[in-house]
Amino acid sequence: MLRSLKGLVCHPLKLDHGYALHTAAKDCLSAVVSQDVQTPSERPRTVFCTSENDPAKHTDHHEGRHYSIPLEEVKAVFPHGLPYRFQQQIKTFNEACLMVRKPALELLAYLKNSNFAHPAVRYVIYGEKGTGKTMTLCHVVHYCARQGWLVLHIPDAHLWVKNCKELLQSSYNKERLDQPLQASFWLKNFKTSNERFLREIKTQKRYVWGKRESTEEGRPLGEVVEQGLARVKNASDAVGVVLKEVKQQCCLGTFRLLVAVDGINALWGRTTLKKEDKSPVSPEELTLVYNLRKIMLNNWNGGAVVTTLSQTGSLFKPSSAYLPQELLGKEGFDALDPFVPIPVPNYSPREFESCYRYYLDRKWLQHEKGQRPPG
Amino acid sequence: LCRLTQVRWSRYNPSFIEPEVNKELYQKPLEELSEEEKQKLELKAVQPIKAAPPTLSSSVFSDPMISKFTNMMMKGGNKVLARSLMTQTLENIKRKQLEKYHKAPEDEKETIECNPYVIFHQALKNCQPIIGLSSITRGGKTYQVPVPLKDNRKRFLAMKWMITECRENKHRRTMMPEKLSQELLQAFNNEGPIIKKKHALHKMAEANRAYAHFRWW
Numbered sequence: 001m002l003r004s005l006k007g008l009v010c011h012p013l014k015l016d017h018g019y020a021l022h023t024a025a026k027d028c029l030s031a032v033v034s035q036d037v038q039t040p041s042e043r044p045r046t047v048f049c050t051s052e053n054d055p056a057k058h059t060d061h062h063e064g065r066h067y068s069i070p071l072e073e074v075k076a077v078f079p080h081g082l083p084y085r086f087q088q089q090i091k092t093f094n095e096a097c098l099m100v101r102k103p104a105l106e107l108l109a110y111l112k113n114s115n116f117a118h119p120a121v122r123y124v125i126y127g128e129k130g131t132g133k134t135m136t137l138c139h140v141v142h143y144c145a146r147q148g149w150l151v152l153h154i155p156d157a158h159l160w161v162k163n164c165k166e167l168l169q170s171s172y173n174k175e176r177l178d179q180p181l182q183a184s185f186w187l188k189n190f191k192t193s194n195e196r197f198l199r200e201i202k203t204q205k206r207y208v209w210g211k212r213e214s215t216e217e218g219r220p221l222g223e224v225v226e227q228g229l230a231r232v233k234n235a236s237d238a239v240g241v242v243l244k245e246v247k248q249q250c251c252l253g254t255f256r257l258l259v260a261v262d263g264i265n266a267l268w269g270r271t272t273l274k275k276e277d278k279s280p281v282s283p284e285e286l287t288l289v290y291n292l293r294k295i296m297l298n299n300w301n302g303g304a305v306v307t308t309l310s311q312t313g314s315l316f317k318p319s320s321a322y323l324p325q326e327l328l329g330k331e332g333f334d335a336l337d338p339f340v341p342i343p344v345p346n347y348s349p350r351e352f353e354s355c356y357r358y359y360l361d362r363k364w365l366q367h368e369k370g371q372r373p374p375g
Numbered sequence: 001l002c003r004l005t006q007v008r009w010s011r012y013n014p015s016f017i018e019p020e021v022n023k024e025l026y027q028k029p030l031e032e033l034s035e036e037e038k039q040k041l042e043l044k045a046v047q048p049i050k051a052a053p054p055t056l057s058s059s060v061f062s063d064p065m066i067s068k069f070t071n072m073m074m075k076g077g078n079k080v081l082a083r084s085l086m087t088q089t090l091e092n093i094k095r096k097q098l099e100k101y102h103k104a105p106e107d108e109k110e111t112i113e114c115n116p117y118v119i120f121h122q123a124l125k126n127c128q129p130i131i132g133l134s135s136i137t138r139g140g141k142t143y144q145v146p147v148p149l150k151d152n153r154k155r156f157l158a159m160k161w162m163i164t165e166c167r168e169n170k171h172r173r174t175m176m177p178e179k180l181s182q183e184l185l186q187a188f189n190n191e192g193p194i195i196k197k198k199h200a201l202h203k204m205a206e207a208n209r210a211y212a213h214f215r216w217w
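Here the protein sequences come in this chain order: A and B.
Numbering-wise (UniProt numbering), the first sequence opens with residue 1 and increments by one.
Numbering-wise (UniProt numbering), the second sequence opens with residue 1 and increments by one.
Incorrect hints may appear among the rest.
[To be verified] Just the calculated beta-carbon pair ranges, DEER-fashion: (1) 193(B) - 181(A): 36 to 44 Å; (2) 39(B) - 87(A): 57 to 65 Å; (3) 312(A) - 15(B): 33 to 41 Å; (4) 175(B) - 345(A): 30 to 38 Å; (5) 276(A) - 175(B): 53 to 61 Å; (6) 276(A) - 172(B): 26 to 34 Å; (7) 72(B) - 345(A): 38 to 46 Å; (8) 170(B) - 87(A): 23 to 31 Å; (9) 114(A) - 106(B): 27 to 35 Å; (10) 87(A) - 38(B): 50 to 58 Å; (11) 72(B) - 175(A): 52 to 60 Å.
[To be verified] Which bits of chain B does chain A cover? Going by a derived footprint, with three or more residues having C-beta under 8 Å, they are: (12) 95-105; (13) 152-159.
It should be emphasised that the hints constitute simulated quantities derived from the structure, not laboratory data.
No residue lacks a Cβ here, since even glycine has one placed at the ideal position from N, Cα and C.
Bound-form chain A, shown alone (with noise of 0.2 Å):
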């Protein structure tokens, strides 16, 4: 949903009509309906929204456009992945729209050219504040959902670096520190998303959780992910174990994995944790994290990583930064040295009256002033 509209047009823009659009803050969300209400009714809906709702199938002719999500869907697949405006906007109009744009057909033209016997490419989309990095990252997801590849969505990788209650030092590791309430969370979304996969994936080494309890060689990966969310104190063990596993068995070739992380600059930042005597924590002190640093790396082949560059959760970092090399920092942006990086420009004019005869459509803008001339 489009939280202010100041930020995506610095200048008034000219419509088809020849008005100037006046922009404000918030209150632009009720503008102006034009005088006749009985034109946009009329109008087909063909000029913003588009039949085609697979994403394997969205060329250019689609771009600018908007393609519907059933909302069943929208529940299997994104369990925690969308942004909460547009969340509110599902519940709202009572459909899930997103608007096909050219990063996204860009970064799928590249999915689908890609040649998996070489190492994961990693895609880093990057651009200014609210212009649609999350939105792109989720038409990718839906993307490769449908052609049903092993989808290892992060929703935002800065939730597990602060405003964390609970810090339990590692069993597996002393120096490493866990994270119970975030991966047990994860882990429960991560279930509902890839159910298929976690019966077909088998484990291929013993894994010892405590004195009695053990998943051995063999079992469905399903069964970690159990013990995971069964034993609270494991569970960020049992992400890691699931990542492991999962990176080494793509490497054969039985299915594919796309990684998707929102908000990757806070893998490589500072936290806002501090361990009990109030010493900082550093990220490769955390499980979660460490586990995640390992699966970035392109030492794997039969799949790709897309991510996301996010100002707006991150620490420590001033809000006009941007570059993947101002929000990466040093050691980031070597870890993902060869990367694509994908730019999101703000709305075009087209894109912006697509978006705006959507939401006409959707009864969303409601003022009753007629459009006028400016003055």
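Go by the hints and put chain B onto chain A.
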């Protein structure tokens, strides 16, 4: 009680005119203006005009009732917070109504009102009392006398009741926009605690009909 001398003084000379904010008046070409409007324009070119207060805007989206309500909700001069609460309330009303609209069957869609401004104005109109009570002392005793209210007083009472109701009778954790949107929607449908308060006032006035002759204005 009406006073003989002005209580609130204005530092302006009486010759100063109020500023005209309506853009449409200035956009009309000269030929369309009637005689008196032309005279007024000529006078304005010569006479001094008062400074426009910062809350007065010529935007299409500004509404005097909404600004009055925001000012009443404001605490400690925090206009930013009050305005954001107001916009969130309007957004909440719109979301609730739109949800109902999109889930309703075709024939009911016409009856659901989605415009938050219309709902706000109608709700406040429904909350305005018609008759009020004023305390008059006669022979040592104070009587509550039913009295007709001026328009300003009615609007003020409606807004005051709305705000006090939302501030006091809510759970500690509910946010103000949520509670306000709930109350506004209830008032729009002529139900809810504020309408009850209005009816209680009307009943009191009806009960004290006997003292109506104490009123001399």
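Structure-based check of each hint:
no.	hint	in the structure
1	193(B) - 181(A): 36 to 44 Å	holds, 40 Å
2	39(B) - 87(A): 57 to 65 Å	holds, 59 Å
3	312(A) - 15(B): 33 to 41 Å	violated, 54 Å
4	175(B) - 345(A): 30 to 38 Å	holds, 35 Å
5	276(A) - 175(B): 53 to 61 Å	violated, 35 Å
6	276(A) - 172(B): 26 to 34 Å	holds, 32 Å
7	72(B) - 345(A): 38 to 46 Å	holds, 43 Å
8	170(B) - 87(A): 23 to 31 Å	holds, 25 Å
9	114(A) - 106(B): 27 to 35 Å	violated, 47 Å
10	87(A) - 38(B): 50 to 58 Å	holds, 57 Å
11	72(B) - 175(A): 52 to 60 Å	holds, 58 Å
12	95-105	holds (count 6)
13	152-159	violated (count 0)
Hints 3, 5, 9 and 13 from the list above are not met by this structure, while the remaining hints are.
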